[in-house]
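S.K.: Listed below, chain by chain, are the residues.
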Amino acid sequence: MAAQPTTLSILIIDENRLRASVIEAGLRDAGYTNLTVVHDVAGIARRIEDIAPDVIVISLENPNRDMLESIFQLSRAVQRPIAMFVDRSDQAAIEAAVEAGVSAYVVDGLKRERVKPILDMAISRFNAFSRMTRELQEARSELENRKLIDRAKGILMATRGLSEADAYALLRKTAMNQNRKISEIAESLVTASGLLAPPEDE
Amino acid sequence: MTAKPQIIAGFMPLLDSALLVAAKEKGFAGAEGIDLVLVRETSWANIRDRLAVGHFQVAHVLAPMPIAANLGLTPLAVPTIAPMALGLGGNAVTVSNELWARMAAEGAVADFNPATAGRALKAVVAQRAARSEPLLRFAVVHPYSGHNYELRYWLAACGIDPAREVEIVIVPPPLMADALGSGAIDGYCVGEPWNTAAAMPGHGHIATVNAAIWRSSPEKVLSAAAKWAEDNPAVLAALLRALCRSAQWCAQPANREELAQILAGNAYVARPAEWMLRGLSGDLDSGTGDRRHVEDFFVPFAKAATFPWKSHALWFYSQMVRWGQVKHTAETAAIARETYRPDLYRAALKPLGIALPVANAKVEGALRVATPVGSAGASLTLGPDGFFDGGLFDPDRLDAYIAAQKR
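Chains D and A are the protein sequences, given in the same order. Heads up: take any position in the first sequence, counting from 1, add 144, and you land on my numbering. Heads up: take any position in the second sequence, counting from 1, add 2, and you land on my numbering.
Hints should not be assumed to be uniformly reliable.
The list that follows gives simulated cross-link-like pairs (lysine-lysine, DSBU-like), each with its CA atoms no further than 35 Å apart [to be verified]:
no. : chain 1 : residue 1 : chain 2 : residue 2
1   : A       : K352      : A       : K28
2   : A       : K229      : D       : K260
3   : A       : K408      : A       : K124
4   : A       : K408      : D       : K255
5   : D       : K325      : A       : K28
6   : A       : K329      : D       : K260
Calculated Cβ distances over 12 Å to all of chain A for the following chain D residues [to be verified]:
no. : residue
7   : S153
8   : A189
9   : P207
10  : E213
11  : S247
12  : R278
13  : E282
14  : A283
15  : I299
16  : M301
17  : E308
Hints were generated in silico from the structure; no laboratory data involved. Since the model is a prediction, treat every value here as computed from it, not as a measurement. Where is the CB? At the ideal position from N, CA and C, for every residue including glycine.
Work out the full structure: start from the sequences and follow the hints.
M.R.: This is how it looks when you write it as structure tokens:
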């Protein structure tokens, strides 16, 4: 069943452009069309005045949350008072939002049922984005580890005259004995051999 | 084998996170049987939220924040206590080079004197009004901060209406110097090293220091969710003892270099150790390249610097009332007073044999010179603690003080 389209005006504030677009796409797919994305908080008071958002979604990474909240307190800057959404939400939703790294603010008088799906969408997209970033980092460090192990094997082959298989076996045995990862042993070896190598100008 | 109880503490990258940082790095927490985990945050709002959902058990917060939470002024307010202060002072007011040049032309000199700097600023504000130039824009770190109240107190005492004659906005501490450099703001009040961050590279000028506006003024406190504190009294008491030992260590001049190096680390303030040393020693460079010593610029331990005075809580409350953040009633005043918990502090620290004040509150601004006072344990000297305009705050005459500050 398609989500009910809604006319609620939503402002997404996120310095991370990729994540902002992931959230924007999620909300658009859910039928929300009145979306504004802001990456830079410079002049945000004016933007809020112009856009008059019903809901504001912001990343907890953003150092300007205190500034934003102070703007919400100034009646001059906003026509309608804005409160933190999680204030009138249940404890589970609060925890889920903080854990996902997102916070939302809504104008006074908006029914909880109308806002809940927006926050839920933001939470799930934030979580998906963190997972994506984590997987990317893991893939990257996996690649780096493999390179390190290759270099360590090369050093052992050159200095001890071992075969590639024996060099790897030695790394693995050392790692097991010291209860460390092979990549850590490889890193130590590469660093040590760099330190012990004769200076190149000699 | 039982694991050490873990305490996760949130902090902001500021010089006065020193007590928490040294408690961990120098092993004082470990010695008290606590596994202290420190998490750097990017906003006070995050610290408040993570305390509320239980990610943090305690945090390094602006002294008025727990009061604001208990008064229901901030979102996600859960009952919060302040069982300990994290030192005295550490703040300054920095202005742009352009504004300083105009203030200097009106008689301001590079001696941090709040009265002469304020007089010069008032003249500049009047000039700008006469020439229809835009209002000067100052930044503070949070609406419920000592910086906001002390900046406003200074401006008002110098005849500048903080609500009408200047604009006051919120900027996070690490972004202050950049905001000043880019011309987005004309000045700011913040804790170190974020004044030095503009002054030493020559991007701004330190006009005055809060230690001169209000000597021995409170700044950060340790806050804890009331529920957690109630459920874990022994762990909290052990943490307070660890922080007290840490404060003693931080206060030793011989440890300054090491402390500056630790704070400069990537996990903490992540800025040059040289910037930390200015605030730790009180030898500030106002932006001229010369250093001038400020007495009691940042006090980690002496003068009962970690004692949560109820008179501090009530002075902050009086300023919340003054600037329209809360309506004064007997009930709201009681909430502010009860937020600070000197009883927990005394009970936890008694075994250490350090000087503990007998009173829970004092008349702020009454001590012109360092004065021995009644204490339990070792002897205790307090003050001087004066406001630069000679003001006195007697917490027993709160109503009169609030009535007198009405504009």
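S.K.: Name the hints, by number, that the structure is in violation of.
M.R.: Numbers 4, 8, 9, 10, 11 - these are the hints that the structure violates, sorted from lowest upward.
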